[in-house]
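J.: If you want the building blocks of each chain, they are given just below.
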Amino acid sequence: MTDARIPVVDYLHLEPEPRLSALQCDSCGAQFFGRRNACASCFGAAFTSRELPSDGVVQTYTIVCTAEPGITVPFIAAAVDCGGVLVAGNLVCVEPDPASISTGMRVRLALTSLGVDDRGVEAVGFGFEPVK
Amino acid sequence: MSVDSDAVYVLGIAMTRFGKHPDLDTIDLAAEAISSALGDAAASMRDIGVMAAGNLMGGSVAFGQEIQKHVGQTGIPVYNVANACATGATALRTVIMALKAGEADMGLAVGVEKLAGAGLLVNPAAVADATSWTPSGRLGGVTDVEGLIGTTRNMPGVFAQIGMEYGNRYGGTSFELFARISEKNHAHSTLNPLSAYQKRFTVEEIMNDVMIAYPNTRPMCSANCDGAAAAVIVSGRKLKSLSASQQRRAVKISASVLTTDPWEAGCQVLPNINTLTRNAARQAYEQAGIGPQDLDLVELHDCFATAELVHYDNLMLCEEGGAVDFFNSGATWRDGVTPVNVSGGLESKGHPVAATGIANVWEVCHHLRGEAGERQIDGARVGLAHVIGLGSACGVHILEKVAA
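Chains as they are written, first to last, in this note's numbering: chain A, 1 to 132; chain B, 1 to 404.
No lab work stands behind these hints: they were computed from the structure. Nothing here was measured: the structure is a model prediction, and the numbers come from that model. Hints may be right or wrong, so weigh each one.
[Said to hold, decoys possible] Over the 10 Å line for every Cβ pair with chain B, so calculated as not near, a few chain A residues:
{"hint": "1", "residue": "P18"}
{"hint": "2", "residue": "R19"}
{"hint": "3", "residue": "A46"}
{"hint": "4", "residue": "S49"}
{"hint": "5", "residue": "D117"}
[Claimed, not checked] Label-pair restraints from in silico Cβ distances:
{"hint": "6", "chain 1": "B", "residue 1": "M57", "chain 2": "A", "residue 2": "T72", "range": "20 to 28 Å"}
{"hint": "7", "chain 1": "A", "residue 1": "D118", "chain 2": "B", "residue 2": "D144", "range": "15 to 23 Å"}
{"hint": "8", "chain 1": "A", "residue 1": "V131", "chain 2": "B", "residue 2": "L120", "range": "29 to 37 Å"}
{"hint": "9", "chain 1": "B", "residue 1": "G321", "chain 2": "A", "residue 2": "S49", "range": "35 to 43 Å"}
{"hint": "10", "chain 1": "B", "residue 1": "T131", "chain 2": "A", "residue 2": "T72", "range": "19 to 27 Å"}
Every residue, glycine too, gets a C-beta built ideally from N, C-alpha and C.
Please construct the entire structure, taking both the sequences and the accompanying hints into account.
T.: Have a look at this one:
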């Protein structure tokens, strides 16, 4: 048994505090998730990882009720503004009911467990939970 | 209006009935549309100098050539094109570019899809189910993140977010508002004998149907179906040498535009289908020398009810931020100031993906020629056809009546 953890994507950081990061273009400041060959905005090729605030505001959402096989439904897919950077993520710790969700809602980063593999390593996902 | 040598024209255009065609394969459907379009043009494959073909889901790597083997092999170049839901418009635009470049004086564009009963369409998933979590790919993901980090593959969900984002910016949207947009398009299709669905639904029926991705219920999603559409395009120079009846029925392509997303913050997180549509519309109005107020009808890409709303704004049919009021005024019903999707749109007429960008041009031409029967928009002289392929590609064509 080990308590090793691995983030679901490389822009989620678990230590010391859970944080998301974006790659920021050194030339123009455009921000991206995932490896880039060059900046889509200014074509520069140098990037620096930048931490994002963990608090955000829901810009839009949908409640996905019908999905391809293997995807657990319902889930609330959202786009959240975290300090001026739009981040995709599920809303968690809230009922998948339009009466419980609204655009403009304040949320914060929350971790989720995706299960443990054969080696005992836990994959850690993230979502956004309402700020009470 | 006389024939302009430097312009290009639709000489013949046709679509098959959209719906279920269990006994016809993609080549049958494409051949039927081509044969009807050639008949409509009073032309033959011998007249065609260039061809572009689209079939997104069929898996062929040389579909245009496969069609040629069943409609006529004359040795002309074929461009097999793919551009998501803008594939048909891309085929059309490819032919138009070849004619404008002077490489041919008559060309054929065709799009076909067989999707009846396909259910929810998704892009292929990454292979998952490893026995140990191992980061891979550009996100360093340890598993397929669809459904874990929002959605990129669930089209009803992606377009739901796009409609809800409009509501967040400007206000006034609701589940019921989006359902009423769907009500309009289903009501329109009752007059279209080629539509996959020709059934009117009440708002209550639409809202109480199966929820796919809130706020899009099943009748608010584009209808998967089989269908094909084809167009014969001719240069003005060539058209001048054709018969009076061919000239009379020809429809001028006053604008043909294809755009992609310019980079904007957030556009790789939530697809921005607004800016590229607005850019395409602006270029199209400039090319055609007309404004949105001049349009007698619009066929726009209502792949979901939530998408139709934002395109009222993107195509500048209303003031910026005014799409909700514009719809609520009744403007986009067939008796309104700017009828939108009088064919029934993708939600009701259907969306055989690669055929859509030619079929909506057919709908506009049908009205401009005064041949739309019961659903004719009286006195229609100018119309616009719009498609979006997520990724994204936006095609806009403006069509104008030639004959007085």
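J.: Among all the numbered hints in the text so far, which are the ones the structure does not match?
T.: 5
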